[in-house]
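Q: Protein chains in written order, with my numbering: chain W, 1 to 214; chain P, 1001 to 1330.
Hint data in this document are derived by calculation from the structure and do not stem from the laboratory.
Beta carbons are placed, not taken as given, at the ideal position from N, Cα and C, and that holds for glycine.
Heads up, a few of these hints could be off.
Result set (DSS-like, lysine-lysine): computed pairs, CA atoms no more than 27 Å apart in a straight line [what the hints assert, rightly or not]:
no., chain 1, residue 1, chain 2, residue 2
1, W, K166, W, K154
2, W, K125, P, K1201
3, W, K111, P, K1098
4, P, K1281, W, K125
5, W, K67, W, K32
6, W, K105, P, K1281
Computed from the model, here is a short list of chain W residues facing chain P with C-beta under 7 Å [claimed, not checked]:
no., residue
7, I107
8, K111
9, E119
10, D121
11, H130
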Amino acid sequence: MGAVTDDEVIRKRLLIDGDGAGDDRRINVLLKSFTKWCNSTGSPEEGFTQYQRMLGTLAQCEFSMGKTLLVYDMNLREMENYEKIYTDIEQNITSAHDKISECKKEIQRAKRIRKNRQEYDALAKVIQQHPDRHETLKQLEALDKELQQLSHIKENVEDKLELRKKQFHVLLSTIQELQQTLESNVTSEAPPHHNTSSSMLYGGKYTCGDHPPV
Amino acid sequence: MGPVEHLHMSVFSQSFSPCGRFLAAGNNYGEIAIVTPVSLSAPLTPLLFLNFLYFSPSLVYSLSAHEGPVFSLFSTDSHLLSAGNGEISAWSWAELIKRNTKAAWTRRPNYKSSLEIPEINAMTVNPTENSLVIGGGDNNIHIMDLESGVFKSVLQGHTDYIHCLSVREREGEILSGGEDGAVRIWDHRTGQSVHCIEVYKYEECARPQYGKWISCLTTESDWMLCGGGPSLSLWHLRSMSPTSIFPLSGCQRQANFYQDMILSVGEGQCVSHCLLGGEVKAQIPCTPHSLNTLALNLNSTDNRVLTVGGSSHQIDVFTNLSYRTFSLSF
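From just these sequences and the hints, can you work out the full model?
A: Here it is in structure tokens:
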């Protein structure tokens, strides 16, 4: 039963579609109608109408041919366009690769810079903790001045002390010498009692520079 | 290795290879694992996800290096140096990549007492003199010449064991931080202690509730980061003064300068990003509960990863510093 229906289908399709599809069929029909027209035995009006019909189909065929030619041109141009776009994109890709490697180098540089900056910051933090240099210098200067003043005062006091010492020394030495001379006078006049008053008188008349009485 | 041991594993140290393609990590069982981190030349392609799947355990292999824990790892241009309980072993990177697990040499510094063998906590290389600086449990710093293997000198001065070391090449100084709370600066030629900074005596840094020990020390030109019991602080070495204190709770065990930031790990389940000014910019969570070590792969340009390890058998890998990408398992 499948074979019978197949045959039927084939026969039907051959009947309907025996001439092929579209333009092919048109050309076949044209050829058939031309041969029919050449061998036609009908009236000249019919012949004329058939002739007009054939011209119409011919025009249709030419039209479709023109259309396909244009489509072919269009395809060629589209292909060129795509080729161009393709090369453009390839160039963009290579330049993007280059840019990427440039950027990577930039990143390395930036990382180094950041590292240096951080080291600087860390050191700066430590330095900030120490007091300002100008202030310490000023403090040092003030202390220097104080030191100078104090040493000045110390020198003055020492000078005074020396002077007083020397004066006391002179005083004490004269006192001692006087004591000695008094003592020597006393010892030399001890045995002769009656001479004491006169010798004392004599002792009183003599000054330090003169030769004392033995 | 049984599951219980796996559970109790801690990663103490890490080091990247000089080519930047391999990571070595040392744990508390004396093993060193060699790992290939994922290649990350195109971080946003779907290939990254494929690599996740490709990351199979066959890319991680571990070798048994020491009897005790591996506290410190250091990579020179051709060798990986590992130190544990008192001895230092060197492994050639070329051999390690070929999975040849034989050490190139093993040496031990001259310890005064032969009864107790002190552990080696920190190792670093002084490139100007091509010498290896070792600090450990005997309170002294030993300096070994890398070419001849002879132990040249001993720097004495600390009163308790040494946690961490750092070298300032330009000034030719070695810095050491220890359990006694002092950061000592040594001149490598004379072997004398040039300065001694007692961090816990500075009021703004000190945290008496944690103690006075210094467990992390790192330097960059004139700046030094140190922390541990006292808070993590940034010091300006020329003026010997603390410039910034970082308000991180917990004791920091390792800190690094990276570009314009400071990365720091310690107690606490996160990696802290801080700015030099003293503010904490971000804290990125990770798997281990307490972190011991942080390593940055600066040797290779396309594999710039950060890896952290701590009190877990997993090592977290960060390809973008802002988030944890994946974890490697020991």
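Q: Against which earlier hints does the structure fall short, listed by number upward?
A: 3, 7, 11
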